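Peer 1: If you want the building blocks of each chain, they are given just below.
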Amino acid sequence: MSFVPAWADAFLPERIASGPAAMLPIDRAWAYGDGSGAGVRVAVVDSGIDADHPAIGEVVGGAVVEPDSDARDGVRLVETAHDDLYGHGTACAAIIRELAPDVELYSVRVLGARLTGRAYVFARGLEWCIDNGMQVINLSLSTTNDDWYAGFHELCDLAAYAGIVVVAALNNERKPSYPAEFSSVLSVAAMRGDDRELFACNAHPPAEWGAPGIDVEVAWSEGKTIRSVGNSFAAPVIAGHAARIVGAHPGITPWQVRTILASLAMNTS
Amino acid sequence: MSPNQPDLVRQLAAIADDVAPALGLPSADDLLSAICITARHVFAAAACSIALLDEEAGELVYRAADGAGSEEVVGLRLSIGRGIAGYVASSGMAIGVDAVADDPRFAADVAERTGYVPNHLLVVPITAPTGEVMGVLSVLDAGSAGPASAEALDVATAFASQAALALAVASSVERLGSTLLRAMADASRNNDSELATALRRRAASTRGRDAELAALAARIGELRRLGPGITATAGKILDELVAHARAARGRRR
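Protein sequence lines, in the order shown, are assigned to chains B and Y. The first sequence begins at 78 in the working numbering and counts up by one. The second sequence begins at 14 in the working numbering and counts up by one.
Note that these hints are calculated values from the structure, not bench results. Wrong hints could be hidden among the right ones.
With a straight-line Cα cutoff of 20 Å, these simulated SDA-like cross-link-like pairs (lysine to any residue) come out [as the list claims (entries may be wrong)]: (1) K252(B) <-> G94(Y); (2) K301(B) <-> A171(Y); (3) K252(B) <-> V130(Y); (4) K252(B) <-> Q175(Y); (5) K252(B) <-> G248(Y); (6) K252(B) <-> A171(Y); (7) K301(B) <-> A163(Y); (8) K301(B) <-> M147(Y); (9) K252(B) <-> D111(Y); (10) K252(B) <-> A141(Y); (11) K301(B) <-> S174(Y).
Here chain Y is said to cover these stretches of chain B; the calculated rule only asks that three of the stretch's residues, wherever they fall, bring their Cβ under 8 Å from a Cβ of chain Y [to be verified]: (12) 207-221; (13) 327-340.
A quick note: this is a predicted structure, and the numbers were derived from the prediction, not measured. Virtual Cβ for every residue (Gly too), placed ideally from N, Cα, C.
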């Protein structure tokens with residue numbers, strides 16, 4: 078038996094919200110160019126990426142962030158190759174690779190170490206992405222912990238002003254979750270279906286984007302695939318589409334990417 | 014000591030003696046176990062389990078379970094750096110997985126050790142009201158007689174919230190005795206040698222944790238007569254000791 082994640086109900090077939098009312102003359106060919114996302118730097122902030130998985134291809138770089146009580150800010154960041162502790166980061170990266178095959182993938186591992194101070198670990202990972210020129214950041218992570226609100230709000234604003242498209246999965250619980258709720262971030266919930274070319278736009282967020290994430294095949298550890306459910310798997314669909322747009326229109330801002338995506342959404346066009 | 018303080022202390026002691034057995038409060042594990050049993054029935058599932066975080070050890074400790082493999086799973090420790098439950102604890106994100114047997118990490122970590130390999134697994138975080146992840150609740154092979162898929166996550170999350178509340182209540186009750194004794198020690202701070210003596214006598218006549226707490230409270234009561242500077246220093250030392258004891262207890266679990 079599967080389940081429907083919180084916020085996904087906005088995209089159930091019988092309840093799907095209508096997209097933006099204003100139509101713009103934007104088509105897929107213009108929006109995506111060759112659709113490869115060539116050269117676009119995409120970071121997956123998660124549990125690591127298994128570069129040996131057949132669905133991944135190359136992982137260009139990245140970092141591991143862990144709590145470190147000896148470090149001045151309580152966090153240690155090492156730019157080093159690493160594996161995926163769970164398989165979840167690999168699942169997200171493979172979805173992005175499927176949609177935008179020529180992106181440059183970066184893995185920022187923030188999960189799996191000791192949980193003490195994990196808000197700082199997550200924040201430091203996001204900071205690394207901003208400082209290292211990432212153009213699209215996938216965060217299939219979010220928290221309902223209010224302590225994270227201010228720090229993430231500031232970082233997501235910084236990212237947006239730096240021209241970075243930040244895509245975040247809403248928490249699977251029906252509570253405010255950060256950073257997905259911020260308007261500087263493209264917030265994503267799961268919808269039914271397995272065609273990742275299709276996604277929906279909800280003109281009444283917090284669940285702004287809907288993409289396949291219910292009973293979907295995803296890559297997992299040790300070269301496997303599994304069927305799984307979670308808003309986590311919907312976010313990289315939107316990140317993949319965003320990477321195509323960024324690849325076709327260098328210098329584009331996150332606000333413009335949002336406008337283009339809204340024009341291409343299945344419930345708009 | 015003011016004339017009414019011995020009466021106050023006697024009353025407090027009498028209340029503590031009367032109330033503690035009358036409450037007969039269940040332990041945290043009893044509460045978690047009841048939640049697992051209810052959740053398993055509601056989901057018509059093969060099994061349901063609750064694992065709590067041991068942050069010091071970086072592990073999830075299975076504290077309660079009902080259904081297939083439950084005897085084997087209780088007490089099992091799992092690194093938070095591995096497995097589907099580890100992912101949920103680490104990320105705070107719920108996840109549902111089909112054909113779990115195909116996930117080699119899951120099979121190696123839990124299923125092999127419990128002898129039950131589910132086809133489907135739903136794992137939700139148990140979060141404190143502040144949003145901190147305290148553990149995970151897992152539902153194995155929910156049946157068609159359970160909640161419809163659109164409600165399944167909400168129902169599982171409701172059980173996880175119940176577990177979080179049960180843990181909060183159990184933890185408060187656990188601290189009740191020490192809180193009471195600290196209050197008595199506070200009452201004794203005005204040159205109150207009689208109360209400190211009484212607490213020491215109580216420590217001598219009781220056993221186990223209560224005796225330790227009574228003795229500690231008596232010493233705190235004495236320290237406070239020595240002036241604010243020494244009291245503050247002693248307080249700091251006690252804080253350090255408590256932190257050290259907690260860490261040691263975490264390692265022993």
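Peer 1: Could you work out which earlier hints the structure fails to respect and list their numbers in ascending sequence?
Peer 2: 1, 2, 3, 5, 7, 8, 9, 11, 13
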